[in-house]
Amino acid sequence: MITTVGPFNATSSRSTRFLGLCLLLGIPALILFAFIFSPEDDSMEDAVRLLYIHVPVAIFSYIAFGVTAVGSICYLWKRSRWWDTTAHASAEIGVMFCGLTLVTGSIWGRPTWNTWWEWGDVRLVTTLVMFLMFIGYLALRQVPASPEARAKRAAIVGIIGTINIPIVNRSVEWWENSTLHQQSSLTDGNLENLTLFTWFLGTLVIGITYLWLLIHRFRVGWLETEEERLGYGAAIEERQAEAHGLDVGSTGIPEEGENE
Amino acid sequence: MSHLGYLLAGWSISIGTLAVYAFFLLRRGKRLTEKVPPGRRRWISSTEEQSRITDG
Chain A
58 MITTVGPFNA
68 TSSRSTRFLG
78 LCLLLGIPAL
88 ILFAFIFSPE
98 DDSMEDAVRL
108 LYIHVPVAIF
118 SYIAFGVTAV
128 GSICYLWKRS
138 RWWDTTAHAS
148 AEIGVMFCGL
158 TLVTGSIWGR
168 PTWNTWWEWG
178 DVRLVTTLVM
188 FLMFIGYLAL
198 RQVPASPEAR
208 AKRAAIVGII
218 GTINIPIVNR
228 SVEWWENSTL
238 HQQSSLTDGN
248 LENLTLFTWF
258 LGTLVIGITY
268 LWLLIHRFRV
278 GWLETEEERL
288 GYGAAIEERQ
298 AEAHGLDVGS
308 TGIPEEGENE
Chain F
129 MSHLGYLLAG
139 WSISIGTLAV
149 YAFFLLRRGK
159 RLTEKVPPGR
169 RRWISSTEEQ
179 SRITDG
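Line by line, the protein sequences give chains A and F. This note's numbering numbers the first residue of the first sequence as 58 and each following residue consecutively. This note's numbering numbers the first residue of the second sequence as 129 and each following residue consecutively.
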């Protein structure tokens, strides 16, 4: 059967098209609110506008790695390919979000703290460690092995890597004197309405982005495994045909030059 | 607006990275879909969806 697909509808469905439409409306709205409608901060001035993207991507990197941990635990429990594919998909997106958290945080830190990076800051360093751990998770998945062994190894690393999430999140309270980061502004009640709304909008838009990417990445991962299986199937058929050809040809003893 | 350079850098890197990743993800999906028959794509549930993809 010949399958014809449009340029971008291969892994799409009604749900992803709906989420995509929400993003097409949500991203320009977020930019408008972040740059025009929301007020500047008293101490950070306009640098606060970077936090409308920095904080949501940080939150969803935690969520993405959390989903990887859940997927990994469920894989070890049920041995289901569905969970393994979900864990892998979420880890890849989590790494991208975590990388963006580090980059946007560094850009925000320059005008606010007068430094791009501070090795003494416990949150920066723990976030970097988390980023590197999940890079390691993705690298481990590329190591040649049987699909079961690969999934099992990755699941163990996925669970270990997630232990870092509460450490990163609570580091500002646990090591109060070893961080430039402030404690959560959300809970102290000092945020203006439009600031708060823009922050929520940013979280919603990044949340939808995560979900949209996760669904597509899951389907790509599923297709990769199917392609791998089809490849194995074709190779086995080829070998069987070869063996069959030799049997039919004579007494089963290959003729000279037949195996070359 | 103060710190405009930092703002533009931070936002454009973020949106640019997401857009580039999404583009390559969709392209990878398209390439793989051409190799894998529709019956093996578990998210295609309705017959309407099946025929839309098979007929182009």
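Some hints could be false.
For lysine-lysine, the following DSSO-like pairs were computed, each having C-alpha atoms within a straight-line distance of at most 30 angstroms [unchecked claim]:
| # | chain 1 | residue 1 | chain 2 | residue 2 |
| --- | --- | --- | --- | --- |
| 1 | A | Lys135 | F | Lys163 |
| 2 | A | Lys135 | A | Lys209 |
| 3 | F | Lys163 | A | Lys209 |
None of these hints come from the bench; they were simulated from the model.
Cross-check of the supplied hints:
1. Straight-line distance between C-alpha atoms of lysine 135 of chain A and lysine 163 of chain F comes to about 29 angstroms, which keeps the hinted pair within the 30 angstroms bound.
2. A C-alpha spacing of about 11 angstroms is found between lysine 135 of chain A and lysine 209 of chain A, which places the hinted pair at or below 30 angstroms, so the restraint holds.
3. Of the pairs offered as hints, the one joining lysine 163 of chain F and lysine 209 of chain A holds, with about 27 angstroms between alpha carbons and a cut-off of 30 angstroms not exceeded.
When held up to the earlier numbered hints, the structure conflicts with none and fits them all.
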